[in-house]
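> Spelled out, the chains give:
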Amino acid sequence: MTDKDQTIVTAGGHGRFPWSHVIGYIFSLVLTLVALLMVINHVASGGMLLFVILLLATIQIFIQLFFFMHITEKHGPAYHIITLAVALFFTFAIIAGSLWIMTFTQLSS
Amino acid sequence: MGGVKQFLSHFFVTGPFEIGGDVSIGLVSLAILFVLTRYKLWGWLWRNWLTSVDHKKIGIMYMLAALLMLFRGGVDALMIRTQLALPNSQFLGAEHYDQIFTTHGTIMILFMAMPFIFAMMNIVVPLQLGARDVAFPYLNAISFWLFFFGAMLLNISFVIGGSPDAGWVNYPPLAELQFSPGPGDNFYLLSILISGIGSVATGINFLVTILKMRAPGMSLMKMPMFSWAVFATCIDIIFAFPALTIALGLEFADRILGAHFFTLNGGGNPMMYVNLFWMWGHPEVYIVILPAFGIYSEVVATFSRKRLFGYTAMVTSLLLIAIASYFVWLHHFFTMGAGADVNTFFAIASMFIAIPTGVKIFNWLFTMFRGRIRMTIPMMWVIAFIPNFVIGGSTGVMLAAAPADYQYHNSYFLVAHFHQVLIGGVVYGMLAGMYYWWPKMFGFILEERFAKWGFWLFNIGFYVCFMPQYPLGLMGMTRRMYTYPAGLGWSSLNMISTVGAFVMGIGFIFIVLNIVSSIRHPVKDTTGDPWDARTLEWSLPSPAPHYNFARIPVIDSRDQWWEMKQKGMTKPDDSTPLAPIHMPKNSGKPFIMGVLFFIAGFGFVFNWYVLAGLGLLGVVITLFARSFDYDTDYYIPVDEVKHSEAAFGRS
Chain A
1 MTDKDQTIVT
11 AGGHGRFPWS
21 HVIGYIFSLV
31 LTLVALLMVI
41 NHVASGGMLL
51 FVILLLATIQ
61 IFIQLFFFMH
71 ITEKHGPAYH
81 IITLAVALFF
91 TFAIIAGSLW
101 IMTFTQLSS
Chain B
1001 MGGVKQFLSH
1011 FFVTGPFEIG
1021 GDVSIGLVSL
1031 AILFVLTRYK
1041 LWGWLWRNWL
1051 TSVDHKKIGI
1061 MYMLAALLML
1071 FRGGVDALMI
1081 RTQLALPNSQ
1091 FLGAEHYDQI
1101 FTTHGTIMIL
1111 FMAMPFIFAM
1121 MNIVVPLQLG
1131 ARDVAFPYLN
1141 AISFWLFFFG
1151 AMLLNISFVI
1161 GGSPDAGWVN
1171 YPPLAELQFS
1181 PGPGDNFYLL
1191 SILISGIGSV
1201 ATGINFLVTI
1211 LKMRAPGMSL
1221 MKMPMFSWAV
1231 FATCIDIIFA
1241 FPALTIALGL
1251 EFADRILGAH
1261 FFTLNGGGNP
1271 MMYVNLFWMW
1281 GHPEVYIVIL
1291 PAFGIYSEVV
1301 ATFSRKRLFG
1311 YTAMVTSLLL
1321 IAIASYFVWL
1331 HHFFTMGAGA
1341 DVNTFFAIAS
1351 MFIAIPTGVK
1361 IFNWLFTMFR
1371 GRIRMTIPMM
1381 WVIAFIPNFV
1391 IGGSTGVMLA
1401 AAPADYQYHN
1411 SYFLVAHFHQ
1421 VLIGGVVYGM
1431 LAGMYYWWPK
1441 MFGFILEERF
1451 AKWGFWLFNI
1461 GFYVCFMPQY
1471 PLGLMGMTRR
1481 MYTYPAGLGW
1491 SSLNMISTVG
1501 AFVMGIGFIF
1511 IVLNIVSSIR
1521 HPVKDTTGDP
1531 WDARTLEWSL
1541 PSPAPHYNFA
1551 RIPVIDSRDQ
1561 WWEMKQKGMT
1571 KPDDSTPLAP
1581 IHMPKNSGKP
1591 FIMGVLFFIA
1601 GFGFVFNWYV
1611 LAGLGLLGVV
1621 ITLFARSFDY
1631 DTDYYIPVDE
1641 VKHSEAAFGR
1651 S
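Line order of the protein sequences matches chains A and B.
The opening position of the first sequence corresponds to residue 1 in the working numbering, with each subsequent residue numbered one higher.
The opening position of the second sequence corresponds to residue 1001 in the working numbering, with each subsequent residue numbered one higher.
Where hints are given, some of them may not hold.
Selected chain A positions facing chain B (in silico; Cβ < 10 Å) [claimed, not checked]:
| hint | residue |
| --- | --- |
| 1 | T91 |
| 2 | I94 |
| 3 | M102 |
Here are the computed distance ranges between Cβ atoms for each label pair [claimed, not checked]:
| hint | chain 1 | residue 1 | chain 2 | residue 2 | range |
| --- | --- | --- | --- | --- | --- |
| 4 | B | A1031 | A | T58 | 50 to 60 Å |
| 5 | A | S28 | B | S1575 | 46 to 56 Å |
| 6 | B | P1485 | A | A87 | 18 to 28 Å |
| 7 | B | G1266 | A | I26 | 28 to 38 Å |
| 8 | B | G1266 | A | L36 | 39 to 49 Å |
| 9 | A | S28 | B | L1086 | 51 to 61 Å |
Just so you know, these hints were derived from the structure itself, not from any lab.
Glycine included, C-beta positions come from ideal geometry on N, C-alpha and C.
So that you can see chain A by itself, here it is in the shape it has in the complex:
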């Protein structure tokens, strides 16, 4: 690790209390608990529940990106944007592919 990187790490990590991590952690816990309780108590119909859970999951992705993964910090090339784009691309391929592959279970039942 070069010395320049080292100073950045020190400034963000050792100096002060990492409030953003704690807040992000609490937010994540709350979102997960809400999703779990909603499913356990069947608060809505299946389709509606699924939609709400997906919404909560999406919010949690953003919370993790901002509070834990320092998405706003940048030095040098924007590798994180490229990485996120690749991740989204693969995620889309995997989800769309799985749905497409699994359609046969509806056809055969």
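Fit chain B to the supplied structure of chain A, relying on the hints for placement.
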């Protein structure tokens, strides 16, 4: 007293092979304890190896573990082949046979191929990039110990509790509690879940290392080809391993917590497991083959004394393979019954991968074309790889044709195909890499006589073993078949195949003999560049000092070290003054965390939740302790660097 006896008889597996296993494990452990105590090596082991965060040492430990696992998986293979040598054989029981092919596959892919590529990545990448370590050295140590204890967890299943026996893919519903009760399949799930955390961390670690820690002047397009291959591998590791973790995590929930993700009743769908498993499974084969491609590129350029032919095409092919590998997973289960449209899409996508792979094969051939080829051991493995991979690739395209696959699926044709690409591609590559970089790791060259014996026996044995399996598959022999009746015309081909497997086993013994005899009579590498090679790692003394580069080099061309030698330099530029070197401190926590994960995993395997909870609590405590550890790095003073460089005859 009777209860204890009953518990012990279930806990320890009893049978002739297992008692043999108990005895040999006991003897080896005693021997290790004796040697460490007799020669007072405990402190040395702890300070220099177990707590090390040095990428070179972690790489060497990965390689030793991979060779050990190659031996274990190889013994499994020989037992499988012995059972199949004759019709109606009773050498192994059916259940025992199931356990052995399951552990053979699991160990060879996850605990032999994976650590072997991690070994090469660790040993070579920072040296090629002109870096002093990986981006996150502490995380790197955690990755290793999670792999190591994950592998140990699977290996003890042979003598404690019973091995998994649902195949290396562990498909439900067979792998569910209903059909596979007992701890066997839990061992599979927990060991891979634990080592999988380490694999993802390694992927992230090397991606960041490659993007952020290249020496000044080394643009991505001046990066050595092995590092490019590792870059493509990391993309696959990071995005593929989560799918495996999810699949195994959900199956774990089914088995341990009584969930119904993949069960036959309760709304489960076993096909979803198959889907998720291969979403990882196909990128996984590229994860293990791409670093081997990188090794072939380095070795072929060095021993042809030419720059690598078609650098840009090579990089493009690597990235195309890495991306396309996410669009082919269904070809592992064409026969599941998804519609013709689905099968067509994945068949064409699979065949497409042959194009970039073919480009790479031609580029290696053109690199050799009109080169001054030196037939060293690494080069022999590379040249032997090419026909192997061409046959394996062609049969792969045959398997990718969905309608025809209904004939080949799960037959010995498939078994022959994937062994041809995984042994002929990955194992040959890793052995080429081991011989090539051995002097850089240990400071001496492996001698050639036994190495040649090993090479020829292994290579000839390979063809004798696997060529008969193609016709066997076409004649209807299916994989995982425990025994077969006489009179099907399979007997002589199976016997030939078994003979080949034993020839490969003898070849492996020669490779081990080769290492042992080279340690006893080492041919020292005094220059640091025994092969007259091209990339930056060969500008360092062998073995490289723990800080790697006394001065970080400035890069202006692709084959930096070769170009420097062309200008008449025999060692790196030492005109600039030395500066103190910033290094990470060793830490015992990654090892301790590995032990705690092992304890937690062992607890879950036997449904001992108190033990599992204690293990996990220990992991959390270790993480906390690390968070408050501010004393993690130090500077090597200039005088010490000067002193150590002088020992290498440099300044």
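> Check each numbered hint from earlier against the structure, then list the numbers of those it violates in ascending order.
Numbers 6, 8, in rising order.
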